[in-house]
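Participant: Based on these hints, arrange chain B on the given structure of chain A.
2 protein chains.
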Amino acid sequence: MSKNDSLVYVALGGAGEIGMNMYLYGYGPQAKRRWIMVDAGVAFPDMDSSPGVDLITADPEFITSRVHALEAIFITHAHEDHVGAIGRLWPQLKAPVYAREFTAEIARGKMEEAGVNPDEVKTVGAWPEQVEAGSFKVGFLPISHSVPESSALVIDTPAGRVVHTGDFKVDANPQVGEPFSPEAISDVSKDGVLALVCDSTNVFSKQAGRSESELVEPITALLRSQPGMVVATTFASNVARLRTLALAGKAAGRSIVVIGRAMHRMIGTARKVGLLTDFPDIVDVNDAANLPAENVMVLASGSQGERRAASAQLARGGYGKLSMKDGDTFLFSSKVIPGNEIGVAYIENQFAMLGVDVIGDEGGLYHVSGHANRPDLQTMHELVKPQFLIPMHGEYRHLREHAKLGAAGGLTPVIAPNGAMVELTGNEPKIVEMVETGRRYVDGSVMYGAMDGIVRDRLRMAMRGMLVVNIVFDENSDLVGDAWVEAKGLFANVDGNEASLQTELEKGVTQELERSKKRLRSDDEAVEKLVKQAASNRTNRMIGKKPEVIVMINRLEG
Amino acid sequence: MSKNDSLVYVALGGAGEIGMNMYLYGYGPQAKRRWIMVDAGVAFPDMDSSPGVDLITADPEFITSRVHALEAIFITHAHEDHVGAIGRLWPQLKAPVYAREFTAEIARGKMEEAGVNPDEVKTVGAWPEQVEAGSFKVGFLPISHSVPESSALVIDTPAGRVVHTGDFKVDANPQVGEPFSPEAISDVSKDGVLALVCDSTNVFSKQAGRSESELVEPITALLRSQPGMVVATTFASNVARLRTLALAGKAAGRSIVVIGRAMHRMIGTARKVGLLTDFPDIVDVNDAANLPAENVMVLASGSQGERRAASAQLARGGYGKLSMKDGDTFLFSSKVIPGNEIGVAYIENQFAMLGVDVIGDEGGLYHVSGHANRPDLQTMHELVKPQFLIPMHGEYRHLREHAKLGAAGGLTPVIAPNGAMVELTGNEPKIVEMVETGRRYVDGSVMYGAMDGIVRDRLRMAMRGMLVVNIVFDENSDLVGDAWVEAKGLFANVDGNEASLQTELEKGVTQELERSKKRLRSDDEAVEKLVKQAASNRTNRMIGKKPEVIVMINRLEG
Numbered sequence: 001m002s003k004n005d006s007l008v009y010v011a012l013g014g015a016g017e018i019g020m021n022m023y024l025y026g027y028g029p030q031a032k033r034r035w036i037m038v039d040a041g042v043a044f045p046d047m048d049s050s051p052g053v054d055l056i057t058a059d060p061e062f063i064t065s066r067v068h069a070l071e072a073i074f075i076t077h078a079h080e081d082h083v084g085a086i087g088r089l090w091p092q093l094k095a096p097v098y099a100r101e102f103t104a105e106i107a108r109g110k111m112e113e114a115g116v117n118p119d120e121v122k123t124v125g126a127w128p129e130q131v132e133a134g135s136f137k138v139g140f141l142p143i144s145h146s147v148p149e150s151s152a153l154v155i156d157t158p159a160g161r162v163v164h165t166g167d168f169k170v171d172a173n174p175q176v177g178e179p180f181s182p183e184a185i186s187d188v189s190k191d192g193v194l195a196l197v198c199d200s201t202n203v204f205s206k207q208a209g210r211s212e213s214e215l216v217e218p219i220t221a222l223l224r225s226q227p228g229m230v231v232a233t234t235f236a237s238n239v240a241r242l243r244t245l246a247l248a249g250k251a252a253g254r255s256i257v258v259i260g261r262a263m264h265r266m267i268g269t270a271r272k273v274g275l276l277t278d279f280p281d282i283v284d285v286n287d288a289a290n291l292p293a294e295n296v297m298v299l300a301s302g303s304q305g306e307r308r309a310a311s312a313q314l315a316r317g318g319y320g321k322l323s324m325k326d327g328d329t330f331l332f333s334s335k336v337i338p339g340n341e342i343g344v345a346y347i348e349n350q351f352a353m354l355g356v357d358v359i360g361d362e363g364g365l366y367h368v369s370g371h372a373n374r375p376d377l378q379t380m381h382e383l384v385k386p387q388f389l390i391p392m393h394g395e396y397r398h399l400r401e402h403a404k405l406g407a408a409g410g411l412t413p414v415i416a417p418n419g420a421m422v423e424l425t426g427n428e429p430k431i432v433e434m435v436e437t438g439r440r441y442v443d444g445s446v447m448y449g450a451m452d453g454i455v456r457d458r459l460r461m462a463m464r465g466m467l468v469v470n471i472v473f474d475e476n477s478d479l480v481g482d483a484w485v486e487a488k489g490l491f492a493n494v495d496g497n498e499a500s501l502q503t504e505l506e507k508g509v510t511q512e513l514e515r516s517k518k519r520l521r522s523d524d525e526a527v528e529k530l531v532k533q534a535a536s537n538r539t540n541r542m543i544g545k546k547p548e549v550i551v552m553i554n555r556l557e558g
Numbered sequence: 001m002s003k004n005d006s007l008v009y010v011a012l013g014g015a016g017e018i019g020m021n022m023y024l025y026g027y028g029p030q031a032k033r034r035w036i037m038v039d040a041g042v043a044f045p046d047m048d049s050s051p052g053v054d055l056i057t058a059d060p061e062f063i064t065s066r067v068h069a070l071e072a073i074f075i076t077h078a079h080e081d082h083v084g085a086i087g088r089l090w091p092q093l094k095a096p097v098y099a100r101e102f103t104a105e106i107a108r109g110k111m112e113e114a115g116v117n118p119d120e121v122k123t124v125g126a127w128p129e130q131v132e133a134g135s136f137k138v139g140f141l142p143i144s145h146s147v148p149e150s151s152a153l154v155i156d157t158p159a160g161r162v163v164h165t166g167d168f169k170v171d172a173n174p175q176v177g178e179p180f181s182p183e184a185i186s187d188v189s190k191d192g193v194l195a196l197v198c199d200s201t202n203v204f205s206k207q208a209g210r211s212e213s214e215l216v217e218p219i220t221a222l223l224r225s226q227p228g229m230v231v232a233t234t235f236a237s238n239v240a241r242l243r244t245l246a247l248a249g250k251a252a253g254r255s256i257v258v259i260g261r262a263m264h265r266m267i268g269t270a271r272k273v274g275l276l277t278d279f280p281d282i283v284d285v286n287d288a289a290n291l292p293a294e295n296v297m298v299l300a301s302g303s304q305g306e307r308r309a310a311s312a313q314l315a316r317g318g319y320g321k322l323s324m325k326d327g328d329t330f331l332f333s334s335k336v337i338p339g340n341e342i343g344v345a346y347i348e349n350q351f352a353m354l355g356v357d358v359i360g361d362e363g364g365l366y367h368v369s370g371h372a373n374r375p376d377l378q379t380m381h382e383l384v385k386p387q388f389l390i391p392m393h394g395e396y397r398h399l400r401e402h403a404k405l406g407a408a409g410g411l412t413p414v415i416a417p418n419g420a421m422v423e424l425t426g427n428e429p430k431i432v433e434m435v436e437t438g439r440r441y442v443d444g445s446v447m448y449g450a451m452d453g454i455v456r457d458r459l460r461m462a463m464r465g466m467l468v469v470n471i472v473f474d475e476n477s478d479l480v481g482d483a484w485v486e487a488k489g490l491f492a493n494v495d496g497n498e499a500s501l502q503t504e505l506e507k508g509v510t511q512e513l514e515r516s517k518k519r520l521r522s523d524d525e526a527v528e529k530l531v532k533q534a535a536s537n538r539t540n541r542m543i544g545k546k547p548e549v550i551v552m553i554n555r556l557e558g
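Chains as they are written, first to last, in the UniProt record's numbering: chain A, 1 to 558; chain B, 1 to 558.
Extracted from the complex, chain A is given alone in its bound form (with noise of 0.2 Å):
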């Protein structure tokens, strides 16, 4: 490497939150840097802050706007938050795009889904085959997790290799994908690693992590007892434990039925590529409506309490000609991710109605998480070794904990959130600029960004209600009638008459504007502003909020 070139690694997504992962490294000199990005997932809304929102994406700005120095785009592994954008934003990106062979089919997917050529995701082996681009050199290493052929990517730059982990955890006997490989990571290290980018996640979880081979005899157990029909909800882009569950029926003499589309999905690409090539034969809902209760055990996707997903629907009631009764148990093989609670609580009061027992993952008897915890970090921070540690895939405060936690067993971390640039060609890991970063939000057939305004008058509207007063002047800005108010989303009955509120305003607008002067009323800003006032005070003054105000101003020529 020359001495102006420098490497460099920013997260515009992902160092900040759990969720719409999108790393970027650059080489070269500092006018000149070409670029990597690594993945390019989703977040999702809720109505605390992004209402009507479909999803969440990390704002590539910073890349699109210098495209063409964008080599190419890696993807880890299959899960949303790390592919789930690459159809919506490849547009702008333009680069090809590499992953292995599920991976890589399930980008197709989201690329179809945006009318984008499926073509421009090409397939890569495992390491040790590397893809060039540019300076770059990228290699998938197997690491396990809970998705089939998820990768650790290691990135040889002439500036020296960088271990990024993508999301892993430590697991001899992942039940898919490859078992974490002590040796392999020490292979890919032993001749010294840059940095170590690395998953945060779990870094407050104390205890080691533990296998998914672990849940299968429990959830057999657990099946073998359940006098009824069983059904299970986990992430349906949990390859891993949808295995684990059907395996679990399969041995405890249930037919196995999967509804909702995108476990479907998952199971399908799978078996496609020549995954799963045990997963038992799946019955039709419809007919497994026919079957002995005590010989069906359901797969459903919507853990988390979504309103549409098939776990929702079967608690209001069923889903296509299935129903739960009393005596039939569902089974959470899995953990609430935090904003869900009340979505999970709502399905579990459901089918408590339905006389069904609902079971939870019993402190990890039925569930166990997909990332490293805090000793298996620590593991990987040994085999690796890196001179730097750059804790990723976390809050701030997971940020911060992984680099603590790196600093007592003597790496040199650096805290990085969104936006940090940090130079990796010095001594010590340096941030050498902030770039804006930021959330651009998928909504309908359009994106915009989340500082818009346009969510910001979503929420306006919903915590304040809306007025809109409709005013017509003639050509001698006088009015022509009295103020006309709709209300929307405001209490309206004050005083018994189911529009009384909008009869006062009215009353009350007609009134400040004829003994308003004519200059005023001619004045289309200070006609509104007037009316602003006049309209929220009154409402304040009435039922004690301050509503949005839109003013329509009709004035009639001579």
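Think of the hints as simulated: they come from the structure by calculation, not from any bench.
Check each hint, because a few of them may be wrong.
Same chains, same label: a pair holds when it works inside one copy or across any pair of copies.
Said to hold, decoys possible - Within a straight-line C-alpha distance of at most 20 Å, the following computed DMTMM-like cross-link-like pairs (lysine to aspartate or glutamate) qualify: (1) K404 with E348; (2) K529 with E486; (3) K122 with D482; (4) K206 with E362; (5) K546 with E528; (6) K532 with E486; (7) K546 with D54; (8) K206 with E348; (9) K250 with D278; (10) K404 with E362; (11) K250 with D287; (12) K206 with D361; (13) K430 with E341; (14) K404 with D326.
Facilitator: Frame of chain A, contents of chain B only:
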């Protein structure tokens, strides 16, 4: 009792959710029953279901429609979910309110806030004192919880005795309030109890509950070990915890600061009625800013991450002159109420950015629940040995589980969710009627029903965005000018022009109106329908959303 008389129980709130408790007992012949109410609490709104709402209460319609037959209201303890609605609802209830001294003081505050005479709240001594209310005689039996003077109610009726536990835990040393007394409960039960109406909150917690007193040592040790300032948060109304934290702070040689109005009010009220006599002197927050950090212990409100509360203010930078920095510690001596996880994580991340270490309950080391766990409920069942068990204070799943637990112990339970009126004067508890229940929203200065459509409209505007279409017709129902469209909460910049959505919609709506028949145009309803459809379809085509549409039709007279 005469043979036409019966005793009934019905929950209007609290038996279908944890919150907004409101229970009724009725006695007499069906057509002439006289009633007492137990508790009048609130629940808290959330963006998912109740944006813009301040507080939620149970709908008291069933009792307000027979308010002449309401003898009295009894408040078991001073928590918001039991006392919070008494002021707002009293004008519709107009019955005397009875509570023990501390609870009565808090209730009087609620009355004053709502502009109601606080003298309607009468102070009652502890059992064996009884209040006569028609056929009912009600006594306040001290029971351990987390707030002073918490009481179970001993309700004597001609049909027999009912024990209504209120919120309780089994704690021999609860730090504030009276210890749990098995003897006292056995004693009131020795002549037979018809029904035990019992807290179900923690029925899924398998281990026996732990005493508040167990926290004193670990919290003191923690405070001694921290090098900087320690700020601890808990529920403002958890008076027991406030005392535990303050005494631990004092033992660790720290000055005690209290920030947050709700906490000051609770501590002040307790002292006013002669409680918390050993609470250390409180140092003013601005004075504390001048003390060495290691000598300061702050109690801050906002354990649920509430944006405006003291804890969130500290996380964002400071409260008054007080701010936290690297080396300081923030302690959550609390649990997260489901639904508040994201708000809590937000302040944890803010603190992490300040370099402040955040400590959670550490598996119970720094927090214990105020409610009876599963084995404690069994203890209560065995002490009371009631003829019937009615689980209350829980979601449906808690009620069901509590009923199963009671049945397993040989009791006769009945699951009575909100609205299920249970007759207690037969051989079996029998649901004799379902009365209408619901929620009322306190919003600004008014109250309205959850089903009144107001909040539904807010949610629709938030999810879909909003269009206002303004049209002017002349006396012949011909358009004067073009339709005029305003959009809010919608992406309008479709083709790079800032308002291209509006422009397109104006063009489209105008065209469709011009093409329509005059007869249609002279009919407001038909115009509204056409315009809504035209605007909605075009919006859907352009941005993939179907917005809410308000149509303002102006008709000029000849």
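Participant: Hints first: check each against the structure and report whether it holds.
Facilitator: Going down the list of hints, with the structure as the test:
1. K404 with E348: between (39 Å within a copy, 16 Å between copies)
2. K529 with E486: both (18 Å within a copy, 17 Å between copies)
3. K122 with D482: Close neither inside one copy (66 Å) nor across copies (52 Å); limit 20 Å.
4. K206 with E362: both (18 Å within a copy, 11 Å between copies)
5. K546 with E528: within (16 Å within a copy, 28 Å between copies)
6. K532 with E486: both (13 Å within a copy, 16 Å between copies)
7. K546 with D54: Classified as between: cross-chain Cα gap 14 Å, same-chain 29 Å, threshold 20 Å.
8. K206 with E348: between (29 Å within a copy, 18 Å between copies)
9. K250 with D278: within (11 Å within a copy, 64 Å between copies)
10. K404 with E362: between (31 Å within a copy, 19 Å between copies)
11. K250 with D287: Answer is within: at 17 Å inside a copy they meet the 20 Å cutoff, but 68 Å across does not.
12. K206 with D361: both (18 Å within a copy, 14 Å between copies)
13. K430 with E341: Neither: 39 Å inside a copy, 33 Å across copies.
14. K404 with D326: Intra 50 Å, inter 13 Å, cutoff 20 Å: inter-copy only.
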